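Asks: What follows is each chain in one-letter form.
2 protein chains.
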Amino acid sequence: MFKVTGRDNETKARAGLLETAHGIIPTPIFMPVGTAGTVKGVLQKNLVEDIDAKIILGNTYHLYLRPGLEILKASGGLHKFINWSRPMLTDSGGYQVFSLSGNRKLTDEGAIFKSHIDGSKHIFTPENTIDIQRIIGADIMMAFDECAPFPCDYRYAQKSVVLTHHWLDRAVTRFSGTDPVWDYEQFLFPIVQGSTFDDLRKLSAEKAASAGMAGNAIGGLSVGEPADEMYHIIEVVNEILPDDKPRYLMGVGTPVNILEAIERGIDMFDCVMPTRNGRNGMLFTSEGIINIKNRKWTDDFSPIDPYGPSEVSLYYSKAYLRHLVVSGEILGSQIASIHNLSFYMKLVSEARRRIEEGNFKIWKKQMIKKLSERL
Amino acid sequence: MFKVTGRDNETKARAGLLETAHGIIPTPIFMPVGTAGTVKGVLQKNLVEDIDAKIILGNTYHLYLRPGLEILKASGGLHKFINWSRPMLTDSGGYQVFSLSGNRKLTDEGAIFKSHIDGSKHIFTPENTIDIQRIIGADIMMAFDECAPFPCDYRYAQKSVVLTHHWLDRAVTRFSGTDPVWDYEQFLFPIVQGSTFDDLRKLSAEKAASAGMAGNAIGGLSVGEPADEMYHIIEVVNEILPDDKPRYLMGVGTPVNILEAIERGIDMFDCVMPTRNGRNGMLFTSEGIINIKNRKWTDDFSPIDPYGPSEVSLYYSKAYLRHLVVSGEILGSQIASIHNLSFYMKLVSEARRRIEEGNFKIWKKQMIKKLSERL
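The listed protein sequences correspond, in order, to chains C and U. So in our numbering, spot 171 of the first sequence is number 174, and the numbers just go up one at a time. So in our numbering, spot 287 of the second sequence is number 290, and the numbers just go up one at a time.
A hint or two may mislead.
Remember, identical chains collapse to one label, so a pair may be satisfied in a single copy or spanning two.
[Stated by the list, open to error] Subject to a maximum C-alpha distance of 30 Å in a straight line, what follows is the list of computed DSS-like cross-link-like pairs (lysine-lysine):
{"no.": "1", "residue 1": "K349", "residue 2": "K48"}
{"no.": "2", "residue 1": "K48", "residue 2": "K296"}
{"no.": "3", "residue 1": "K299", "residue 2": "K373"}
{"no.": "4", "residue 1": "K364", "residue 2": "K43"}
{"no.": "5", "residue 1": "K296", "residue 2": "K43"}
{"no.": "6", "residue 1": "K43", "residue 2": "K117"}
Note that these hints are calculated values from the structure, not bench results. Note that the structure is predicted; figures quoted are calculated from it, not measured.
Just chain C, same shape as in the assembly:
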């Protein structure tokens, strides 16, 4: 399913093609987050035509609670429910159970939690999160894991990794023992945990690799640790994760984080930053980072981004977008989301081109400088 089509000579960066039932995904790739079956503020048409998203994410936790399995099943799966024909990936709900729901309780069996919507009680297990993701019908499913908080002492991290590995075995068993609910193949990715401890990360990477799945993910990063620690852990883990399978760095991150991770051999990314920060007025542009709420943009009638990653970046001015965001207008969120997601997509696709052309490293160096600038 995964083919490396190009490698950078000076770094671990690689370009690839990931084949799924709903299409081929060029890597490195960024995946817009569509938590509850919608990339917030973006029409499916804009996702395809303006942003050209090759794959989007769904959140098992949110979708399980609302619209719920009955509706997802009756509609023919999430692709049909939201009318999206390109690939999709769902996380296993692990991260959300620990970050969103109150009164959660961890047992060997799984995680008991209360819905953040109505307080109702539920349990996620390695098995039922596979069953749920079968119904959702994502092309790529994730194994249920515990995402340890940061900072976290060694003893806790160790216990957490042991539990996550135990759960992985059960998830793989369920995955191998069941058929897709819909008529196409689904993949399961294990998640490497282990906080910021090299030995636990190595252990976890070996465990993930040994599961022999179609790809692997790294979780529990970008949760508060310094960026250099994150980059170090990526290096440690990627030494072990198989080179011929895609590597997905979960929930990361800034454009700089993404380029640094690509350099270290990561292929897939997702992050709420382009949409969530966009709604709050933070824009990633070719010239640097903009906080559109700043007074300095009040009368700047130049385009949001003159290098125009999307049509809206050229169509709308900074002053107008500032007016919309400051006024709390929905359109501000829409424009910022389309622009930021397009910027991210153009960034990874340019990285891919540079890798294939053999000049990734020098390009990356120039970009890091520009991307870090605050205008």
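For this one, chain C is given, so just place chain U on it according to the hints.
Replies: Frame of chain C; chain U shown alone:
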């Protein structure tokens, strides 16, 4: 500037063409409301390509407070600020001063009010609302008026009409004595007031007509009075307003209201209903009115409207839209707004076609039945 191109034989309905500096508007027409320089939840591209809005509204009150005159002037007017090249109309701020701002005080000079944003004190006069609308640069400007509440006793309504007429004289003087700020012609429409009193409405219609402006508007309706009273007042007023000039019924209304008013010789409409009610899950469809939050739509996977007034009406299902609206997702507001506005636009354009074809009355009768249905 206005040409009647067709008349219905059995009713007062007429089709026309209204020529403005930014384009020709076919009438009857519905004008989406773009309060603060944005039709809430709708990209300008969707306004043109999906909804095909021929003209949109701006609110002088909102735009004066934010972004403010300095920015509007520096940007080259509202058209350039929001990047909209089709016609625009601005109301005079009268209605908003009375409905939105606290501590307003009416004097002969004008209306003193406090900003709903920061509590700052301002005054609107017949003169400065012309000056402001010159800077905004709308193709059609409105004269500053007092919109009497409903119900309202005769004495109050009479006093209010006298004030509005006094203000109209001053607005016309300012309008005639000033040039456009930008390099194109602007029109001024007087507003007929008089609550639900025939004699006051007649007086006010005669006053408006005598001003000899390019068009006339009827205000102070759809403020709580029964629909039949509104229709009656429209008849009374339209007997007097010149037949060779466009008639604009402000802030009205439901699809049924619009067809009834077209039958009585109204040419132009605006209303927040398609967008505001849309955001709350109320949809106007070819089959009737839908409250998408109702449980019955939970597993209805049919398109929002099989007669598809817009692309989104066919692309998205009722069940998905329900999920989005119930979940408070921005995308729900976007889809509902595009659908409802398209529905309104198709309704008035179909009315226009029927008038020209000479079968408006029979078509209207069938439509009224369907449009009133609650699904």
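Asks: Run every hint past the structure and note whether it holds.
Replies: Now for the hints, and whether the structure bears them out:
{"no.": "1", "hint": "K349 to K48", "result": "both (18 Å within a copy, 22 Å between copies)"}
{"no.": "2", "hint": "K48 to K296", "result": "both (28 Å within a copy, 24 Å between copies)"}
{"no.": "3", "hint": "K299 to K373", "result": "within (20 Å within a copy, 52 Å between copies)"}
{"no.": "4", "hint": "K364 to K43", "result": "neither (34 Å within a copy, 44 Å between copies)"}
{"no.": "5", "hint": "K296 to K43", "result": "both (20 Å within a copy, 19 Å between copies)"}
{"no.": "6", "hint": "K43 to K117", "result": "within (24 Å within a copy, 35 Å between copies)"}
Violated hint: 4 only; the structure is consistent with all others.
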